[in-house]
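Participant: The lines below spell out each chain.
2 protein chains.
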Amino acid sequence: MTQPSFQDRYPDSLAHCYGCGKLNEHGHQIKSYWDGEESVCRFMPKPYHIAVPGYVYGGLLASLIDCHGTGTAAAAMYKSLKEQDPNSQPNTRFLTASLHVDYHKPTPHGIELEVRGRVKQLKGRKVVVEEWIVANDVITVRGEVIAVQVPESVLEELMKGKTG
Amino acid sequence: MTQPSFQDRYPDSLAHCYGCGKLNEHGHQIKSYWDGEESVCRFMPKPYHIAVPGYVYGGLLASLIDCHGTGTAAAAMYKSLKEQDPNSQPNTRFLTASLHVDYHKPTPHGIELEVRGRVKQLKGRKVVVEEWIVANDVITVRGEVIAVQVPESVLEELMKGKTG
Numbered sequence: 023m024t025q026p027s028f029q030d031r032y033p034d035s036l037a038h039c040y041g042c043g044k045l046n047e048h049g050h051q052i053k054s055y056w057d058g059e060e061s062v063c064r065f066m067p068k069p070y071h072i073a074v075p076g077y078v079y080g081g082l083l084a085s086l087i088d089c090h091g092t093g094t095a096a097a098a099m100y101k102s103l104k105e106q107d108p109n110s111q112p113n114t115r116f117l118t119a120s121l122h123v124d125y126h127k128p129t130p131h132g133i134e135l136e137v138r139g140r141v142k143q144l145k146g147r148k149v150v151v152e153e154w155i156v157a158n159d160v161i162t163v164r165g166e167v168i169a170v171q172v173p174e175s176v177l178e179e180l181m182k183g184k185t186g
Numbered sequence: 023m024t025q026p027s028f029q030d031r032y033p034d035s036l037a038h039c040y041g042c043g044k045l046n047e048h049g050h051q052i053k054s055y056w057d058g059e060e061s062v063c064r065f066m067p068k069p070y071h072i073a074v075p076g077y078v079y080g081g082l083l084a085s086l087i088d089c090h091g092t093g094t095a096a097a098a099m100y101k102s103l104k105e106q107d108p109n110s111q112p113n114t115r116f117l118t119a120s121l122h123v124d125y126h127k128p129t130p131h132g133i134e135l136e137v138r139g140r141v142k143q144l145k146g147r148k149v150v151v152e153e154w155i156v157a158n159d160v161i162t163v164r165g166e167v168i169a170v171q172v173p174e175s176v177l178e179e180l181m182k183g184k185t186g
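So the protein sequences, as listed, match chains G and C. The C-terminal residue of the first sequence carries number 186 in the working numbering, and the numbering is unbroken. The C-terminal residue of the second sequence carries number 186 in the working numbering, and the numbering is unbroken.
Honestly, the hints are just simulated from the structure, not real lab data. Please note: incorrect hints may appear among the correct ones.
The list cannot tell twin chains apart, which means a pair is met if one copy fits it or any two copies do.
For lysine-lysine, the following PhoX-like pairs were computed, each having C-alpha atoms within a straight-line distance of at most 25 angstroms [claimed, not checked]:
| no. | residue 1 | residue 2 |
| --- | --- | --- |
| 1 | 127 | 145 |
| 2 | 68 | 53 |
| 3 | 68 | 44 |
| 4 | 182 | 127 |
| 5 | 127 | 148 |
| 6 | 53 | 148 |
| 7 | 101 | 142 |
| 8 | 182 | 68 |
None of the values given here were measured: they were computed from a predicted structure.
Just need the whole structure built from these sequences, with the hints factored in.
Facilitator: This is how it looks when you write it as structure tokens:
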């Protein structure tokens with residue numbers, strides 16, 4: 023795809039997340055994009071990301087729901103602001119307030135997974151994203167993320183407190 | 023602690039989970055124990071398990087809630103069966119049906135975390151475990167896992183389907 027991913031718009035200072043930061047060399051570095059009204063992220067689990075042999079580790083699936091959800095929230099807020107002002111800049115980052123994951127079927131390992139999302143609610147600084155994971159054309163997992171936009175200044179204060 | 027961890031009781035064929043399998047050399051290999059009526063797991067995140075610098079990655083916290091929850095479910099079922107028959111054997115494995123995580127505060131990185139659990143409900147093959155994560159004596163995360171006991175024969179059939 024030629025469009026930049028949602029995560030490519032994060033400023034470098036906020037691009038260290040283990041799930042989605044392009045600067046975290048040990049992390050998953052997921053990439054999410056719009057696909058019409060839905061968002062999509064494709065991910066190939068590593069050989070060791072298993073729950074039992076042949077099936078994907080549930081904690082990884084929760085991580086994908088989490089980071090694809092906050093990415094979708096940021097992109098949805100950006101889209102909404104651009105409709106009001108075409109010169110709007112991408113929002114910085116959303117943090118997860120709440121994560122819910124329902125495991126409907128075991129997710130087979132060894133194939134590329136598709137994580138899809140749809141904005142359910144966007145109100146103030148809060149975005150609710152519903153998501154589902156598709157493996158071999160079958161939905162195996164459904165989830166929901168409540169993401170909250172955190173002003174860059176607050177994040178910088180937080181990080182200063184820990185690293186300064 | 024001299025007692026074996028909950029995860030040490032999993033049979034080798036089911037000890038490959040990325041979160042808690044002792045045979046997954048790339049995984050977290052968490053260990054959970056009873057501490058009175060509560061269960062506890064201590065875990066030191068790796069340097070790269072960050073959300074933003076100085077704070078722990080939420081997907082890792084969800085993974086800890088997940089695996090400590092299924093471990094606690096298995097141990098609680100074993101304890102309950104032993105009360106009826108002292109010769110009962112440890113149950114094999116529980117899988118996660120549903121995972122919920124609320125992130126109340128950012129979790130500071132660079133210190134050992136304590137994941138604690140308490141059985142809320144044990145009925146038939148289903149165990150509900152409520153959990154919380156403590157960092158520097160502060161609860162930063164609360165969660166809940168609905169775990170379902172899966173007969174070893176079913177798991178073996180599943181794995182045969184994938185690996186045979």
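Participant: Regarding residue 182 and residue 127, is the shortest C-alpha distance of 25 angstroms or less found within a copy, between copies, in both, or in neither?
Facilitator: For residue 182 and residue 127, only the inter-copy Cα distance (16 angstroms) is at most 25 angstroms; the intra-copy one is 43 angstroms.
Participant: One pair to classify: residue 127 and residue 148, alpha carbons no more than 25 angstroms apart. Within, between, both, or neither?
Facilitator: Between copies only: 16 angstroms across chains, 30 angstroms inside a chain, cut-off 25 angstroms.
Participant: Since the copies are identical, ignore which copy is meant and state whether residue 53 and residue 148 lie within 25 angstroms (CA to CA) inside a copy, between copies, both or neither.
Facilitator: Within. Shortest intra-copy distance 22 angstroms satisfies the 25 angstroms Cα cut-off; inter-copy 36 angstroms does not.
Participant: For the identical chains here, do residue 182 and residue 68 meet the 25 angstroms Cα criterion within one copy, between copies, both, or neither?
Facilitator: Only across copies: residue 182 and residue 68 sit 20 angstroms apart there, 34 angstroms inside one copy, limit 25 angstroms.
Participant: Using 25 angstroms as the alpha carbon limit, work out where residue 68 and residue 44 are close: within a copy, between copies, both or neither.
Facilitator: Cα proximity of residue 68 and residue 44: in one copy and across copies (17 angstroms, 18 angstroms).
Participant: Check residue 68 against residue 53 for me: Cα-Cα at most 25 angstroms, and say if that holds within a copy, between copies, both or neither.
Facilitator: Result: close both inside a copy and across copies, 16 angstroms intra and 23 angstroms inter.
Participant: With identical chains, the pair residue 101 and residue 142 could be close in the same copy or across copies; at 25 angstroms between alpha carbons, which is it: within, between, both, or neither?
Facilitator: Intra 15 angstroms, inter 42 angstroms, cutoff 25 angstroms: intra-copy only.
Participant: Quick one: residue 127 to residue 145, C-alpha cut-off 25 angstroms, is that within a copy, between copies, both, or neither?
Facilitator: Between copies, since 21 angstroms is at most 25 angstroms while 32 angstroms is not.
Comparing the model with each earlier hint shows no violations; every hint is respected.
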